[in-house]
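Combine the two chains into a complex, taking the hints into account.
Chains A and B supply the protein sequences, listed in that same order. Residue numbering for the first sequence follows our numbering, starting at 2 and increasing by one per position. Residue numbering for the second sequence follows our numbering, starting at 17 and increasing by one per position.
Heads up, a few of these hints could be off.
As the list claims (entries may be wrong) - Quick list of the computed label-pair ranges, beta carbon to beta carbon: (1) B:S110 <-> A:E135: 52 to 58 angstroms; (2) B:A40 <-> A:Y113: 49 to 55 angstroms; (3) A:T81 <-> B:R108: 44 to 50 angstroms; (4) A:E135 <-> B:L67: 31 to 37 angstroms.
These aren't lab readings, by the way, just hints derived from the structure by calculation. Beta carbons: idealized from backbone N, C-alpha and C, even for Gly.
Here is how the chains run, residue by residue.
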Amino acid sequence: MTRKKGQEEIVGFVLIVVIITIIFVIFLGFKLRNPEPTQKESEIIYQFLESAMKQTSDCALNTNGKRADLDELIRECHSTNGLCDNGQNSCDRAKEILVDMLNNTWKVGEDYPTKGYIVDASYSYNSTQTQNEEIFTITAGNCSSSFSGNSYLIPEFPGSIVVNAKLCN
Amino acid sequence: MNLHHVKYSKGQFKIQQMVFIIVALIILFGIVSVFFVSIRFGGLKTDVESLRKEAVLESVRKLAGTPEFAWIMSDDCASCVDMDKLILLKNRTSYKGFYKDISLLKISRIYPTYSANECTLQNYPDCNTITLIQGDNYEGYEAFVSLCGYDGQIGDYKCELGKIIMGFEGVK
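Next comes chain B alone, as it looks inside the complex (with noise of 0.2 angstroms):
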């Protein structure tokens, strides 16, 4: 059959017009909805990452709670943690790989700061560090909390400002 002996009518050509037309809009349309989805969840990533750090940061805290960590001289505070237990616990052969998947574990003091980073049973209480766990590694994350302890020189207990620090194992 030779094509140039077919004849099309008029309506054909109408319809085939408004077929092109509507493909071109529904085309445009898509381009125009990928670009409002992609603007409308391009800040999604970047939220859900930020709750999962707040996630993380808020179980890193509850260790101050746990017992080995825990300031029980004051009823209403969640997040101090008793520096006197953690200098003993520094070098406590016995919790060796207690802390699971933990390559980093550190509490340190943040206001006011002394001249003494790393603490010892000799420089302690004035001192800024105490590293229970040191690896390599890991990702870390940082929670606020309260040091307390006893101090001597005031004849009281009393609390700092500080963090604690903690890596996990295999986060990148």
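Only chain A is shown next, with the shape it has when bound in the complex (with noise of 0.2 angstroms):
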């Protein structure tokens, strides 16, 4: 059978888009996929973290009876891990208050808009140094897909204690 040369070229065009068909559907697959859980810097949770660093606790660290602030308490949890005035070790406490205060805050599951959490407290030595010493975790429901996050800084010479928060959508 001998092909006329006009339904060669319609094979040709045809051809041409159907390759530019499946470059396009590879390119909108790779697009699409999104492996990866995205973050964004949420300004709301570093207020919170600003404003939870202030909560007044229960615990006194000195003599003198004087309350510390969560982000003493966390620091007194980094550098010697002491007792509070009524025999609470100081890492304990400044986690329970923490976990209080974000339960207080976001309703956390699969039926609420905040799936889960993950807030955890480490040391470090300068911003360039990748390794950190960690002080705490404390993680709620599943962190799976994207979430928006925020870091607070508590200075501790000759570094900082680096508190990062994220909530998972």
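Rendered as structure tokens:
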């Protein structure tokens, strides 16, 4: 069977269209798959962390009986892991207060807009150092999808304590 | 003139075919470009909205720095609000109409919470909310602050986590 030249040209055109469509579909596939969770810097989380660190606790670290703020409690937790005047461990109390504040602020679960959260505190000697000393981590819910987060720095010579919070959507 | 008698040369047909193919390709590329642009800039509107929202949150929080709200016992706390000032501000008639275009202005304690919700001079400080302005038809924004005040039980100042809730008139 002999093919007409016109038919050959139509086949060529269809081939070009098919190739372009395949390239487009592959591009769309890569674009929409988005395998890694995306992170957004959140102003509201920074505000939360900054205000939370000013929370006056029920823990007095000195003999003068002055109750420590949450940031002082985290500093104490990192430096000596000391005890409060009521015998509670400073690290445990800092975590308990933070958990209570988080639970009062965001309802977490599959039925809520916030699916989970991760809050961690670590000590960093300088900003360029990649490895940090972990102080504590608090997690709740499921954090596999995208999240918004922010960090708050507590100065602690010679470096600083970094408190990171991530809210998963 | 009878069109059936017009003779087209082979070259003219070839040019016509090429034009058809070029037009078809341009249309195809056009459709692909429209898809690409819509995907590329699809998230732009959401990004702009979230940036605008963050700017509003920032301005809501700036209220904590005004003389009527500011906590002056600490030098390094820009986000601290003086609850003792606010409970007195609540019933002051001289402040009626002071905050323009604001339909709602509330300060709420988040942690710890007490059984009494609205604060009065009788139940203060064991209460959760001080409502300064309560109107309707508004869109509310919340910003976290520290609520500070003197605590007679411990004989010292203390700060707790709270939020300023502000509703703007006519914002939809």
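inquiry  = Against the range 49 to 55 angstroms, how does the distance between the Cβ atoms of B:A40 and A:Y113 compare: consistent or not?
reply    = holds, 51 angstroms
inquiry  = Against the range 31 to 37 angstroms, how does the distance between the Cβ atoms of A:E135 and B:L67 compare: consistent or not?
reply    = holds, 33 angstroms
request  = Given the hint of 44 to 50 angstroms, check if A:T81 and B:R108 actually sit that far apart at their C-beta atoms.
outcome  = holds, 47 angstroms
query = Are B:S110 and A:E135 spaced within 52 to 58 angstroms by their CB atoms?
reply = holds, 53 angstroms
Violated hints: none; the structure is consistent with every hint.
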